[in-house]
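Asks: Start from the sequences and build out the full structure, keeping to the hints where you can.
The chain contents come next:
Protein chains: 2
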Amino acid sequence: MVVKVYGAAYASPKRVLVCLVEKEVDFETIPIDLFKGEHKHPEFLKLQPFGTVPLIQDGDYTLYESRAIIRYYAEKYKSQGTALLGKTIEERGLVEQWLEVEAHNFHPPLNNLVLHILFASALGFPSDPKVIQESEEKLGKVLDIYEERLSKSKYLAGDFFSLADLSHLPFTQYMVTLLGKEYLIKDRKHVSAWWNDISNRPSWKKVLEFGTPF
Amino acid sequence: MVVKVYGAAYASPKRVLVCLVEKEVDFETIPIDLFKGEHKHPEFLKLQPFGTVPLIQDGDYTLYESRAIIRYYAEKYKSQGTALLGKTIEERGLVEQWLEVEAHNFHPPLNNLVLHILFASALGFPSDPKVIQESEEKLGKVLDIYEERLSKSKYLAGDFFSLADLSHLPFTQYMVTLLGKEYLIKDRKHVSAWWNDISNRPSWKKVLEFGTPF
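Protein chains in written order, with the working numbering: chain A, 18 to 231; chain B, 18 to 231.
Hints were generated in silico from the structure; no laboratory data involved.
Be aware that a few hints might be false.
Identical chains blur together in the list; that is why a pair holds if it fits in one copy or across any two.
Said to hold, decoys possible - No farther apart than 35 Å at their CA atoms in a straight line, the calculated lysine-lysine pairs in the DSBU-like style are these:
hint: 1; residue 1: K223; residue 2: K21
hint: 2; residue 1: K95; residue 2: K147
hint: 3; residue 1: K171; residue 2: K63
hint: 4; residue 1: K53; residue 2: K95
Replies: And the structure:
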């Protein structure tokens, strides 16, 4: 049974793709064009009532929210492919902690930058320089804490690659390429080494082949 | 060994408290006064560099982010107290999905209401009526989707109480009491039955004894 992943061109669904590649799980991608509003079509809303991607279908099992889906596959295929949850309950706790940090501290300012620098004109709202400046400052402060953390362990949750690192890949990729904010990484020695490591994983290079939405 | 929970008077740490009560785990609470800036003291920042509550210490294990901590204890004491992760990997997947919905769809507009209605003057910023109105509308739309979901299953992730429901308790309590927005619940039959059920659990009644920060 091949897993169907909706919306592969976008960033959040790429969390799911890179997880599936790491776990050696076969999948196919179903395109969804957010700019044409396909995520608001009644047929899609039946599967994902909040109208966002990603969404997966695995036989008759349907799941949404990228960070829920990656936890599901990391657990389901625990002993297949790369272990992504640590080895002990305490390690998993730290994976969960840093997944939450990614979601609540790292992602919001970066998502603001993505929206206001990349998507504003396509989505028809004015790009706000104040939001851009404040978000960039906020993100810098978060990355200062990452720098301190990564001076003590190779990866965020410890000396093992995990979902916590993986979850940063898609939006950080935007940050260093399309947003032109590579300095946020390069100026921090340990963050830079970490990014260099995780973004060079074969799984991520493979996922980049699925392209961007523009 | 008794678990230490920092910041029990506030809403997010109450996710942890109610989880520990459900899991029959002993704990003690360490007060942190956010209005006095105690979460920004160097000693606290050593343990929680982002300067937020909750934080737990369990022997020499330290963990932060409420939704990470509740996952940790639900897993660590899997067969003690109430099962909070479902019985199968697929059920856990749905628990994760609705935990993410709580974090990314339900919480942000409700948190805006809490900040602008309850905390604005104490935190020294102006309460913005536009933010209040937009957040209330957004929350209403999210709860419409909950109404549909809860017409099909007793709890969010299925016919079993889980972390996904539990995670809604502290801020929904604010919503129906201090914010005066009980109508958002009462106007929706299935949401109302669900709230009535989960907020009457003995665990939650016990946690309410820890009070609010004002």
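Asks: Looking back at the hints listed earlier, which ones does the structure fail to meet?
Replies: Structure breaks hints 2 and 4.
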